[in-house]
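J.: Chains as they are written, first to last, in the numbering used here: chain A, 1 to 1001; chain B, 10001 to 10091.
Treat the hints as calculated values from the structure; they're not laboratory data.
Please note: incorrect hints may appear among the correct ones.
[Said to hold, decoys possible] As a list, the in silico DSS-like pairs of lysine-lysine whose alpha-carbon atoms are at most 25 Å apart: (1) B/10018 x A/282; (2) B/10018 x A/742; (3) A/286 x B/10029; (4) A/166 x B/10018; (5) B/10065 x A/742; (6) A/190 x A/475; (7) B/10029 x A/887; (8) B/10029 x A/888; (9) A/287 x A/166.
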Amino acid sequence: MTKNLRIKTGKAIDETYRISFRFNGKTYYGFKGDTLSSALLANDVHLVGRSFKYHRPRGIMTAGSEEPNAIVQLHDKSARTEPNVRATEVEIYEGLEASSQNCWPSVNFDIGGINNFLSPLLPAGFYYKTFMWPASFWEKYEYFIRKSAGLGKSPTEADPDLYEHKYIHCDVLIIGSGISGIMAAKIAAKNGFKTLLVEEKPNLGGSTIYQNSDYFKINNQNSNSWLEKEINEIKKLKNLEIKTRTSVAAFHGYNFLLARENLTDHLPIEQRKDKTRHKLLKIRAKKVISATGSIERPMVFDNNDRPGILLSSAIKRYADFFGVACGEKNVLFTNNDSAYETATSLIQKGINIEAIIDNREQVDSKLVYEVEKNNIKIFKGYTVTDTFGYKRINRISIKQLSKDGQKVVGSRINLSCDCLGVSGGWTPAVHLFTQSGGKLKFRDEDQVFIPNTYPSDQLSIGSCNGDFTLDEILKNTPKSLKEFLDIKNTEYESLEIISSTNKSKRNIWLLPSDKVLGKTKSFVDYQNDATAKDIKLALREGFRSIEHVKRYTTTGMGTDQGKLGNMHALGIISETAGAKMGELGTTTFRPPYTPLTFGTIVGRNVGEYFDIFRKTPIHSWHEENKAEFENVGQWKRAWYYPKENENMHQAVQRESKAARESAGILDASTLGKIDIQGTDASEFLNRVYTNAWSKLAIGKCRYGLMLNEDGMVYDDGVTTRLGENHYIMTTTTGGAANVMGKLEDYLQTEWPELDVYLTSVTDHFATVSVCGPNSKKIVSEVIPDLDFSDESFPHMSFKNAKIGKINCRVMRISFTGEHSYEINIQANYGKSVWEKCMEAGKDYNITPYGTETMHLLRAEKGFIIVGQDTDATMTPIDLQMDWIVSKKKYDFIGKRSLYRSDTIREDRKQLVGLLTEDPNEVLEEGAQIVADVNKSPIEMLGHITSSYYSPNLKKSIALGVVRGGKNMMGHKLIIPMEKRNINVTVADPVFLDKENKRLNA
Amino acid sequence: MFIINCPFCGEREQSEFKAGGEAHILRPKQPTELSDDEWAEYLFMRKNIKGVQFERWNHAHGCRKWFNMVRDTSNDEIKAVYKMGEKPPLE
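Same shape as in the complex, but just chain A:
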């Protein structure tokens, strides 16, 4: 039977609402308002996990998001399962299932626990040092290391929850709703600022909201009642929006912050349906006020990690807020006054305190006197030297500290206990401040880093700014807010304050022990099992930079990012290396402050919204006719149209043959189209293309090649002269947006004197391309009024026409090498024109073909595809396209680069055709091309860029780039494959109809 450690005074708890939940398969009960950790502690469950490296039993240590140990898996094996969740942040609900991580077979009996006894063999850098030799064995080691480590299990099913992103703009953002945050919210909102207050916990008020004691009073009321009234007042303010369960993950430059609002995690699963789980808030604030509070420090002594050892402030929160006693025989261990606040709370509730161990020899503080009055034994000038109890602390040893605090003296005293509360002072939560680019300064008197210079319009107030006592907070907060918000007065000017804590502190980073350091386990980073010994070892091995020590020892690299232990690591380094803390600096705090789920990050951009895609106006026809689609840029393009049981190869062979023998039809709507107008349009084209444009007659089309300034091929396409000062340019499908951007760049920045206007019209036109020997018959049936005679409408020319009443542009241009026409018509008529062509082509076996057939047909003709046969290292000369480079033009983009020392090398990779010895052997695209397979290492000459079986030539054809290929016509080369070598011969890249008879037929 488990003990019940619930006391009847928890502020947050609704004792009329009982909730059952399961932890490690066992059913427990808690109340509404409990967190998983408070409910477990109420059931006397401290042991919740095993440590990462040594598999030591670990218990709940904190009551907040800084928790390093109580990391659990929720709803294991369901679609909603989530690893690495802090039990201190999980609000319980009916049906909650949680389980321990990092232990097998169970948290009570963990096989990995053997690592604890092997720990002398597992020092810092153990994995680096041990598993690096021989290097080839790493894969084998890794399997076992990963199995024995591992933090939780990722879900294996799709996430059933909804996530959203939301933009928020405000005048003032306040992070944290402790007493200083509440004061700031009231002042800001009352002075007309549009204010947003965010709080990571479900309730407002920070730790003051349960500071119910005679020793802390504001205007003659206990501080908690005073604050409660303030909270009730701010809830009525119109200018103020309050978001609880909202944790700021990142603070970027220009006051841009990301926060995660948690909307359903506290609800029973069945109530979450159709609700948004998390919202990622993208907040742009004119001013930011950080009131993020501070995190209590643990202390570093031998075996400081046993279940039952908690932060003293956590014990107070569990008692005051959740009505839970963490133990029946409590001992507190401190170096400052905070533990006495915990003590007064426990005394008030009748919870037994065995003793208080205080590092300080003399303490002059009202609180301490009050505690002494209750006959509690205080060991002043003592330290804990060791703790005992495997799965739960049952005893501690203490000894007196020497005057300098470096040694222990006198004899050992043993005290039995079941809970040890530790208070090593406070560390301001400056994580978000430093993320934003803020610089810290070190305050020597209490050994803390506090904000120094602000990189944006922001302010830190309260304990995150180093004001730890109620007195300091109440006095400093209004003062700095007045200046920051530029206001004259606040209502907090003349508060009567009783604040009973004294600021004295005896800070010792690594507490001395009667054992040598090598025999101790004094943990600095609990989650990653880094000890003081490891840090000293790293320093002995020569690591000096704090960032290097961090990576070598893994201190601060867990999911908690070392919120508890980083300061001690710094302190130990500083003492050992003899460097000043302030000069050492801190490690970098990186977003997110607490982990985010992937769902939160992606929001609604999942499934079909993951990436947008574009459809042509003829898309539905392709779908109806069973096309397979291929992604080209953002477009979905018809790839091939399988008939019956055809595979891709069979479909493409059929389509290719039909296109050359009779007629084929292609949806070319995706090609980029740029409308170019202006009196300097011809001059502009002269400058952007390699060939000459001034003499192109109106109504004629010309193929153009565009280079980058470095001389490499960038894009290609046909441009048509529609009028004296009017052209329409086509670009590759994938390159359209970039070409448009590049042309705009030159027009706006290099040639502003040119009178040229560019408009992207890609989406405005549908393009139907009909090719093949019967194309003329088909198109003239669709457009009967047009003269299609070769004299009137030769290859590379254009005509305006009408289909019914609708204007269209018809170009006689070809990418297949066949006689062909492209009809460009207003997009919404595209499908109907396509259907008309299909109807007209019925008797000619008109065959729709997709991109794969298009690629095959153009390869037969040796036409390049930019991006497939080129890769930003190919000049037109490399492509054997010298014919398109004007010798006469003075300048065009990339011209000068074509005769740089590198681009004129003879042995550059050049585009050639390749024919296999066996005509049925189809090469693999991307395969390497070599001359001599016996050479070692084999010299790579190039690679295959395009390869197909040509049904029209009845043989395999390929294009490839080969070093010095231009002068290797007829040479035999080898394509080495995994199991054999394929012999090929270098050939002309134009495999079919070199004389262009078919184009003009």
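Got chain A; can you put chain B on it based on the hints?
T.: Leaving out everything else, chain B in the frame of chain A:
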């Protein structure tokens, strides 16, 4: 993520803009008269300063206009924005 004051549209989120590298590098008017080294200087050499840098930016998802910006690359402070062809407001 910073906020850029586009000289044509006003303040907009950085995500609407595209960076275009160092500003005030003029394309030579007579490239053919340059030596390989001179051409390479124009083509490849960029400063990439830690500190105050003159940059080209394009309001790619807005007015599509190119403009210049003075930015401190060490803290992303934008010191000035100005139109193409205008003199830099500070040295």
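J.: Against each hint, give a clear statement of whether it holds in the structure.
T.: Verification of the hints:
Pair hint residue 10018 of chain B plus residue 282 of chain A holds up; C-alpha atoms about 21 Å apart against a cutoff of 25 Å. About 12 Å separates the Cα atoms of residue 10018 of chain B and residue 742 of chain A, which keeps this hinted pair within 25 Å; it holds. A hinted pair counts as satisfied when its Cα atoms are at most 25 Å apart, and residue 286 of chain A with residue 10029 of chain B does not qualify at roughly 46 Å. With a CA separation close to 23 Å, the supplied pair residue 166 of chain A and residue 10018 of chain B stays within the 25 Å bound.
Between the alpha carbons of residue 10065 of chain B and residue 742 of chain A the distance comes to roughly 12 Å, so the proposed pair stays at or under 25 Å and holds. Restraint check for residue 190 of chain A and residue 475 of chain A: the C-alpha separation of about 19 Å stays at or below 25 Å, so the hint holds. The straight-line distance between the Cα atoms of residue 10029 of chain B and residue 887 of chain A is roughly 18 Å, inside the 25 Å bound, and the hint therefore holds. This hinted pair checks out: residue 10029 of chain B and residue 888 of chain A have alpha carbons roughly 17 Å apart, not beyond 25 Å.
Note on residue 287 of chain A and residue 166 of chain A: the hinted pairing holds, with a Cα-Cα distance of about 19 Å set against a maximum of 25 Å.
Checked against the numbered hints given earlier, the structure breaks only hint 3 and satisfies all the rest.
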